[in-house]
Amino acid sequence: MTNTVSNAAGNPSLPAHSDRIRVDLQLIADMVEPGTRVLDIGCSDGELLGYLTRTKNVDGRGLELSNEGVRNCVAQGLPVMQGDADRDLGDYPDGAFDYAILSQTLQATHRPKEVLSELLRIGNKAIVSFPNFGHWRARFDLMFRGRMPQNPNLPIMWYETPNIHFCTVRDFVALCNEMNLKIERSMVLNESGSRVSMDSHSGFANFFGNQALFMLSK
Amino acid sequence: MNTALNKDKRPPLPGHHMVLGETDKLRLDSGVEFGPFTLAYQTYGELNAEKSNAILVCHALTGDQYVADDVHPITGKEGWWREIVGPGKIIDTDKYFVICSNVIGGCLGSTGPKDINPETGKPWGLDFPVITIADMVRAQTMLIDALGIDTLFAVIGGSMGGMQVLEWCKSYPERVFAAAPIATSFRHSAQNIAFHEVGRQAVMADPDWCGGNYLLEGKKPARGLAVARMTAHITYLSQPALHRKFGRKLQNRGAITYSFDHDFQVESYLRHQGKSFVDRFDANSYLYITRAMDYFDLSMEYDGRLAEAFTGCKTRFCVISFSSDWCFTTAESRTLAHALNAASCNVSCVEIESDKGHDAFLLDEPDFHMVLSGFIDGAAESRGLK
Numbered sequence: 001m002t003n004t005v006s007n008a009a010g011n012p013s014l015p016a017h018s019d020r021i022r023v024d025l026q027l028i029a030d031m032v033e034p035g036t037r038v039l040d041i042g043c044s045d046g047e048l049l050g051y052l053t054r055t056k057n058v059d060g061r062g063l064e065l066s067n068e069g070v071r072n073c074v075a076q077g078l079p080v081m082q083g084d085a086d087r088d089l090g091d092y093p094d095g096a097f098d099y100a101i102l103s104q105t106l107q108a109t110h111r112p113k114e115v116l117s118e119l120l121r122i123g124n125k126a127i128v129s130f131p132n133f134g135h136w137r138a139r140f141d142l143m144f145r146g147r148m149p150q151n152p153n154l155p156i157m158w159y160e161t162p163n164i165h166f167c168t169v170r171d172f173v174a175l176c177n178e179m180n181l182k183i184e185r186s187m188v189l190n191e192s193g194s195r196v197s198m199d200s201h202s203g204f205a206n207f208f209g210n211q212a213l214f215m216l217s218k
Numbered sequence: 001m002n003t004a005l006n007k008d009k010r011p012p013l014p015g016h017h018m019v020l021g022e023t024d025k026l027r028l029d030s031g032v033e034f035g036p037f038t039l040a041y042q043t044y045g046e047l048n049a050e051k052s053n054a055i056l057v058c059h060a061l062t063g064d065q066y067v068a069d070d071v072h073p074i075t076g077k078e079g080w081w082r083e084i085v086g087p088g089k090i091i092d093t094d095k096y097f098v099i100c101s102n103v104i105g106g107c108l109g110s111t112g113p114k115d116i117n118p119e120t121g122k123p124w125g126l127d128f129p130v131i132t133i134a135d136m137v138r139a140q141t142m143l144i145d146a147l148g149i150d151t152l153f154a155v156i157g158g159s160m161g162g163m164q165v166l167e168w169c170k171s172y173p174e175r176v177f178a179a180a181p182i183a184t185s186f187r188h189s190a191q192n193i194a195f196h197e198v199g200r201q202a203v204m205a206d207p208d209w210c211g212g213n214y215l216l217e218g219k220k221p222a223r224g225l226a227v228a229r230m231t232a233h234i235t236y237l238s239q240p241a242l243h244r245k246f247g248r249k250l251q252n253r254g255a256i257t258y259s260f261d262h263d264f265q266v267e268s269y270l271r272h273q274g275k276s277f278v279d280r281f282d283a284n285s286y287l288y289i290t291r292a293m294d295y296f297d298l299s300m301e302y303d304g305r306l307a308e309a310f311t312g313c314k315t316r317f318c319v320i321s322f323s324s325d326w327c328f329t330t331a332e333s334r335t336l337a338h339a340l341n342a343a344s345c346n347v348s349c350v351e352i353e354s355d356k357g358h359d360a361f362l363l364d365e366p367d368f369h370m371v372l373s374g375f376i377d378g379a380a381e382s383r384g385l386k
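These protein sequence lines map, in sequence, to chains A and B. Under full-length UniProt numbering, think of the first position of the first sequence as 1, with each following residue one higher. Under full-length UniProt numbering, think of the first position of the second sequence as 1, with each following residue one higher.
In case anyone wonders, no lab produced these hints; they're calculated from the structure. Worth double-checking, as some hints may not be accurate.
[Unchecked claim] Quick list of in silico lysine-lysine cross-link-like pairs, DSS-like style, CA-CA up to 25 Å:
1) B:245 to A:56
2) A:182 to A:113
3) A:56 to B:314
4) A:113 to A:218
[What the hints assert, rightly or not] Have a look at the derived ranges for each label pair, beta carbon to beta carbon:
5) A:185 to B:50: 38 to 46 Å
6) A:33 to B:312: 34 to 42 Å
7) A:179 to B:305: 29 to 37 Å
8) A:180 to B:48: 52 to 60 Å
9) B:312 to A:146: 39 to 47 Å
10) A:143 to B:383: 55 to 63 Å
11) B:383 to A:34: 54 to 62 Å
12) B:174 to A:30: 31 to 39 Å
13) A:33 to B:50: 26 to 34 Å
14) B:24 to A:217: 49 to 57 Å
15) A:34 to B:174: 26 to 34 Å
16) A:34 to B:312: 49 to 57 Å
17) A:179 to B:147: 24 to 32 Å
All C-beta atoms, glycine included, are put in the ideal place defined by N, C-alpha and C.
Construct the complete structure from the given sequences, taking the supplied hints into account.
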């Protein structure tokens with residue numbers, strides 16, 4: 001899965017066996033209990049999966065859209081298969097994992113609602129992060145430039161972006177409510193990956209938050 | 001029955017020979033109790049004190065046990081997987097104890113249809129029982145038992161070798177720590193069965209096949225077997241690979257000859273492939289081994305529910321396919337990987353971009369080597385192998 005948008009997309013990647021990982025991935029990793037079973041959907045080059053395997057002794061698996069990503073993961077000894085969040089989650093048995101992680105990928109899926117419900121079928125908990133389209137920069141671009149947002153955090157033009165289902169933090173919370181999903185934890189982050197607010201429901205977070213991170217359960 | 005002794009004219013082939021099934025016979029899928037029989041095998045490297053570093057390499061249809069030899073005793077070429085197996089290589093023989101055995105039904109030292117049936121004193125020919133992939137693996141388990149190995153660190157193989165890998169994991173999951181089925185499938189497709197049937201019919205249509213009794217008649221169905229090999233060889237390549245290698249180039253001539261001589265390089269190449277194959281392979285073995293592949297379908301006994309073949313299997317898998325392989329497609333590998341997922345197995349599944357077709361697994365493909373290497377190293381770390 002293309003790791004499409006993130007606050008650190010432009011940063012050079014860290015060495016494969018470094019125990020320092022991208023800030024937003026670190027926040028996800030902090031939510032995972034050691035020794036658990038984890039499925040990382042859209043695991044890219046395996047940065048998070050490798051970290052969890054090395055430092056938290058998780059039984060981790062990955063699903064990744066790009067062949068290159070899969071190759072790089074397997075070459076590091078990580079169990080990853082080529083696949084697509086929209087199409088390939090159906091094979092996993094119910095409750096096969098303690099956590100199903102979908103990092104910066106939900107907005108690129110064709111059916112985000114179905115993907116969310118699949119995450120909570122195969123995982124007891126889902127950890128989901130996504131870019132916030134309600135961020136003031138996006139609002140500014142639409143309101144004053146009359147253009148689709150394009151900035152360092154959303155660098156790709158509308159006709160090329162894989163991000164086809166943008167939402168705001170509030171939209172996401174509304175969807176969770178509609179699906180009767182329990183928000184166990186949430187945080188909204190600014191461009192450097194620091195927390196803007198613990199209250200993801202606030203208008204402040206939705207305005208200043210660059211990306212959001214949720215842990216959900218049924 | 002010692003096949004090495006049965007080869008009256010040729011000197012015995014180098015390597016190990018183990019006679020198995022003397023007391024407990026090999027129970028074949030067909031119901032036949034078979035034995036004693038011989039498996040010819042090669043080993044490379046040293047088995048460690050814990051007997052935890054053994055890797056079984058399974059060979060393909062026309063492969064053999066000489067996986068990493070410097071010089072093949074018949075062809076004079078290097079072993080078929082020297083790219084992968086050897087000191088310091090991906091399957092590092094300084095670290096692992098590598099075993100490769102000629103399949104039962106084969107013709108490079110393991111008991112097969114060209115050997116003497118002790119009941120008649122004549123070559124088995126078509127009286128040799130039909131064997132399956134599961135029979136090949138059952139015979140291998142007897143060899144592994146005899147070598148005193150309980151759990152194999154890894155079972156690795158491409159094409160028919162990959163079928164054996166999957167059979168190992170289905171039938172003896174507790175004996176396989178890691179498995180790499182490469183360019184293979186959990187079942188032989190209709191298209192592959194069809195090509196095999198063309199090959200078998202070519203052999204049988206050769207008058208020198210003599211109803212399978214050519215050894216008794218002092219003949220050899222060389223033309224039929226060569227045609228079988230030529231057809232099969234095309235399926236192992238890809239259209240782009242063939243075109244890149246040969247195009248429409250002419251063979252040692254400036255113009256077409258308006259005849260049925262081998263005007264084109266590709267014709268000459270195929271004729272050579274057919275001819276050289278006949279020197280190293282027994283025609284009846286070709287019939288039996290292609291049949292074993294045709295019969296292979298791991299999902300059959302589960303009414304097509306492949307995942308059930310791997311229920312509770314703790315083996316870690318790395319399923320590898322090649323983009324231009326039209327014998328064993330990536331789609332088949334993905335079906336396998338999905339079934340492994342559904343059975344909660346630990347599975348990696350990678351498609352390697354290559355235009356070299358099915359044979360890519362035997363060739364220098366850096367991405368393939370990188371993936372296989374990472375998988376083996378990762379598994380070794382989990383297994384505590386240094």
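Structure-based check of all given hints:
Our distance criterion of 25 Å between C-alpha atoms is broken by residue 245 of chain B and residue 56 of chain A, whose separation comes to about 50 Å. Simply put, residue 182 of chain A and residue 113 of chain A have alpha-carbon atoms about 15 Å apart, close enough for the 25 Å limit, and the pair holds. For the hint linking residue 56 of chain A to residue 314 of chain B, the alpha-carbon distance of about 21 Å falls within 25 Å, and the restraint holds. Taking the CA atoms of residue 113 of chain A and residue 218 of chain A, the gap is about 14 Å. The hint holds against a cut of 25 Å.
The hinted window of 38 to 46 Å between residue 185 of chain A and residue 50 of chain B holds, with their beta carbons roughly 45 Å apart. Range check, residue 33 of chain A to residue 312 of chain B: Cβ separation about 25 Å, and the 34 to 42 Å hint is violated. Roughly 31 Å separates the CB atoms of residue 179 of chain A and residue 305 of chain B, a value that falls within the hinted 29 to 37 Å. Residue 180 of chain A and residue 48 of chain B have their C-beta atoms about 55 Å apart, which keeps the hinted 52 to 60 Å range intact.
For residue 312 of chain B and residue 146 of chain A, the hinted distance range of 39 to 47 Å is not satisfied, since their beta carbons lie about 59 Å from each other. In this structure the hint that residue 143 of chain A and residue 383 of chain B lie 55 to 63 Å apart at CB holds, the actual value being about 59 Å. Remark: the range hint 54 to 62 Å for residue 383 of chain B to residue 34 of chain A is contradicted by a beta-carbon distance near 21 Å. Distance hint for residue 174 of chain B and residue 30 of chain A: a CB-CB separation of about 37 Å, consistent with the stated range 31 to 39 Å.
The beta-carbon spacing between residue 33 of chain A and residue 50 of chain B, approximately 33 Å, falls within the hinted interval of 26 to 34 Å. The supplied range of 49 to 57 Å is met by residue 24 of chain B and residue 217 of chain A, whose beta-carbon atoms lie about 54 Å from each other. At roughly 27 Å, the beta carbons of residue 34 of chain A and residue 174 of chain B sit within the given window of 26 to 34 Å. Range check, residue 34 of chain A to residue 312 of chain B: about 25 Å between beta-carbon atoms, so the 49 to 57 Å window is missed.
A hinted range of 24 to 32 Å is violated for the C-beta pair residue 179 of chain A and residue 147 of chain B, which are about 56 Å apart.
Figure legend: structure checked against the earlier numbered hints; hints not met, in rising order: 1, 6, 9, 11, 16 and 17.
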